[in-house]
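Put the two chains together into one complex, using the hints given.
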Amino acid sequence: MNKKQRAIRHKILSVLIVTVIGVWCLAPLAWIFITSVKPMGTEYRIPVEYWPSEPTLDNYRTVLGERFTIQRSILNSAIVSTGSVIGTLTMATLSAYAIARLKFRYRIHTLYAMQIAGMIPPIVVIAPTFVMMRALGLLRTYWAMILPNMVYALPLSSFLIASYFANVPFELEDAAKIDGAGTLKTIFRIVLPIAAPGIFSAGVLAFLGSWGEFMLANTVSIGSPAVETVPVAIQSLSRAFNLQWSWVAAGTMVTIMPIIIAVLVFQRVVVTGLSAGGVK
Amino acid sequence: MVLAFPALLGLLVFNYYPIIQSLLYSFFDLDFTTDWLNAPFIGFQNYATVMASDQFWYTFLFTTGFTVVAVTLDISLGMLFALSTFYVPKGMRGLLRAFIIVPWAIPKVIQASMWRWMLNSDVGPIGDILVRIGLVEEPPLFLAERVLAMGSIVAAYTWKGASIAAFFLMGGLALIPGEVRESAIVDGAGPLRRFFSISLPIVMPTVFVALLYRSQDALRVFDVVYGLTGGGPGTSTDTLSSFAYNAYFRFAQFGRASTYAVVTFILVGAVGTFYISRVRRNFSFRD
Chain A
1 MNKKQRAIRH
11 KILSVLIVTV
21 IGVWCLAPLA
31 WIFITSVKPM
41 GTEYRIPVEY
51 WPSEPTLDNY
61 RTVLGERFTI
71 QRSILNSAIV
81 STGSVIGTLT
91 MATLSAYAIA
101 RLKFRYRIHT
111 LYAMQIAGMI
121 PPIVVIAPTF
131 VMMRALGLLR
141 TYWAMILPNM
151 VYALPLSSFL
161 IASYFANVPF
171 ELEDAAKIDG
181 AGTLKTIFRI
191 VLPIAAPGIF
201 SAGVLAFLGS
211 WGEFMLANTV
221 SIGSPAVETV
231 PVAIQSLSRA
241 FNLQWSWVAA
251 GTMVTIMPII
261 IAVLVFQRVV
271 VTGLSAGGVK
Chain B
1 MVLAFPALLG
11 LLVFNYYPII
21 QSLLYSFFDL
31 DFTTDWLNAP
41 FIGFQNYATV
51 MASDQFWYTF
61 LFTTGFTVVA
71 VTLDISLGML
81 FALSTFYVPK
91 GMRGLLRAFI
101 IVPWAIPKVI
111 QASMWRWMLN
121 SDVGPIGDIL
131 VRIGLVEEPP
141 LFLAERVLAM
151 GSIVAAYTWK
161 GASIAAFFLM
171 GGLALIPGEV
181 RESAIVDGAG
191 PLRRFFSISL
201 PIVMPTVFVA
211 LLYRSQDALR
221 VFDVVYGLTG
231 GGPGTSTDTL
241 SSFAYNAYFR
251 FAQFGRASTY
261 AVVTFILVGA
271 VGTFYISRVR
281 RNFSFRD
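Line by line, the protein sequences are chains A and B. Counted the way the numbering used here counts, the first sequence spans residues 1 to 280. Counted the way the numbering used here counts, the second sequence spans residues 1 to 287.
Quick caveat, the hints were computed from the structure, so don't treat them as lab data. Since this is a predicted model, take the numbers as computed values, not measurements. The beta-carbon is built from N, C-alpha and C at its ideal position, and this holds for glycine as well. It is possible that part of the hints are untrue.
Computed footprint of chain B on chain A; a stretch qualifies when at least three of its residues, placed anywhere within it, have a C-beta under 8 Å from a C-beta of chain B [stated by the list, open to error]:
id : segment
1  : 9-23
2  : 42-50
3  : 85-93
4  : 110-122
These stretches of chain A come out as covered by chain B in the derived footprint (C-beta under 8 Å, 3 or more residues) [stated by the list, open to error]:
id : segment
5  : 141-152
6  : 257-270
Bound-form chain B, shown alone (with noise of 0.2 Å):
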């Protein structure tokens, strides 16, 4: 129990008490202050206030809708990553694994800005290569333009997400016995077929845990839309976490602010429950 206490400690001042603290603000009427101790209590009027604005509901859309768009790509894409690297000769392996492994390393802010000029519409190669193929005749203003703004940062969240979903994945799929594979070679069964009737019911489980731990990530996703399009054109690519640190420490409206912050955790909270009661059975260590 004592080993225990520095770092439940820890977490009470720097996880726990700040929750409470952001649950309080959202109660009071806090503009360009944080002394809630002398602010009027307001109750619930900020969530009143919030809920009854347009640009809440978008802005709750767009991050439950991007979290649903790029959580697919991102297990879709990193389920053929992983099974990549099962299908290549053990020569390329480590290669292949090299290469999905190095958009993990980068942080993701300075992922955004990669992105932000690669999308670049004037001399980005993106939309000179579209050009050059003869998709489009000028290259499209990818981040001033609010659906292909949406979908840069989905790629651009995508990137780095599809890369941990394969190593997600990898672990899953090497659980498949090999004899399992051979015997339905054997049996004349083709790729897909496999697939979806051998190996996906074997990696179900962890396909499970990747798409709830993706979602969490994504639901709460900051780092990619605040360095790519900074929430533009407008607002429309905000977020609600990009949308909350703007309100806090642009706009100074705390008490606002907080109510996006506490909507932000009932939501991850929400898909943290699914994940707590699938994981619960790896708690037990010493029974």
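This is chain A alone, in the form it adopts within the complex (with noise of 0.2 Å):
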């Protein structure tokens, strides 16, 4: 086999290749896709449209109509999740400094304390936190949904933003620190620029891990609209009305394309993010 032959061989095999891997990340989005655009009730035809014969943006109406509470699912997801990354993001960028920059005796605990608080399986915290919540008279409110979140996302945030400040030279807080500048204001001016890319990763990992939370989401809010977030909406919509799924479909892609969108669009935050995360 010649070198061309080879070349051609290896374009037709990487579409190939493409082509599966691509049929098997997107079926189920497509597949409610289709069914978001089909008329109401013909989404339960037999045989099975693969294609409805008069596509219909009138699902997406419905569901955005008043009889829905789509639009505040996902503004209540974006309180929560943006009040949760505030919150992670303080308490990890502090933490992180205090681990991968200053000598401490329990500096090594504190690391242990947080991988394992990473591992901690819901279901174990989920009651107790249920009734912390209840006796605080927080059910049905965004603070019982960012107060948790912004802990769960430390582990990982925390790690993440301090493998990038052990990259900050020494001797750059050695020179602000002759020059009179206070601790803080050494990581303020100093060290936080620096470590910036990997705050950001760390907020876009914690901003989509509380869009995706569930089981604390639908536990705290109790069948309440008002606070649902979307992962509680949508499951709660599909199990509601089992017989239009049309809707359903509707539902899902309003709420899910902005986020596929900002993954897209933040791909390599996201990607060295986890690979950082993980790998390590």
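Here is the structure:
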């Protein structure tokens, strides 16, 4: 086999591979999209229609209308995730600085405490957390989701940010100290700007984590549409309107497209974060 | 030390305190109440009752069996995906990675409802295609038959898991020096040979960490089960987590449910011990 033949074979195989993986990764999404543009009721027609004879956007109009609370759930998710990210990044940056830059006695214990916390199965903490939120009167509020999510994202965020901090030359910091800057000032002026990419990628991952979180959100929102996040809203929609899957599909499309687009835009950041947090 | 304080306080309140609380619950007779201070202390009786029930052992075996199968698939498919991104020409690499990242972006419980619709036995495309290509006469009851329902959960779980594993492994594969590969090609080693005797030994540490990481995730699986089968038919696809969740919040058996939760924790913790000992060397930041 000569070089040219081999190049052609390589190309054909590559296209084949990309197609197969593409179908596997996109099929469920494609099917939801197709269902979402079927006129209501026709999604249950047999034989199965792979493209509706009369595609329509009616389902989108319906689910964005007054009978549903899709927009509300997107807003709720945005509030919960933003709130959690702000909290996570504040706590994670401070602790990461301590872990990566300072010498203190319980440094290694702090690290262990974080890593172990990252492994705790949600089911072990869910009931006491529910009881705690009930005692504090926070059920059916954003706080019941923001506060725990803030903490759930800490282990990965701290580790990620700490590994960026570790790359900042100590000389830079020492120079700032000699110039008379205090610890906090040194952090903000010198270390933070250099670690910014790490903080950003920790932020994106923390945002996605609390955006997709279901068990806690489902438990503390107790069926109240006013605070339901996207995963909870779609789950209850898909159970309640079992017969109108074209609506569920439209609702699903509306709620997941923004996040898919965001992930594609931030792809590089997300992947760096994933591999730094995981491979290490 | 002061700087780490807010984070440690957070961990204490939302991670460590609840664990101890769950452990306490499991030693009390708590039906329809969480007021353990006023409930009868019954020692290990919850554990004894649970251990004596067939349901527990069934759920335990299903959860661990699911973990073995799902993680094997996650890693194998993930490895194929990761290798593919290195195989295809540069022009297609971006597209391929974009495809792979899509399942990762979708919240697990929504992913479960998407698969529920894919696997619908009347109008789901998977059953329909199987009928059309003549593999089966009637669409299989993917979610209503025990074994098929188990397979469905594995498929829906792996859909996302393979993507996560792929990104893990890409990181590991990227560390293989180009010269090593080239010299193997010059020596006439075929692609399979190259993978098993050159790439795999180099990425083995990454594979191992990915294996532990995915196992922990699979052992505590909840969202996919809850959203796809709800544990059904009956309780045959319940995992330790989903069974415990129903025991907590549907049947309000806080004591009994806590024993399931504690067992889940012990399983994940056992894997976690390996994980920590493996990644410990990365803990040395300033020495």
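How the hints compare with the structure:
no., hint, in the structure
1, 9-23, "holds (count 9)"
2, 42-50, "holds (count 7)"
3, 85-93, "holds (count 3)"
4, 110-122, "holds (count 12)"
5, 141-152, "holds (count 5)"
6, 257-270, "holds (count 7)"
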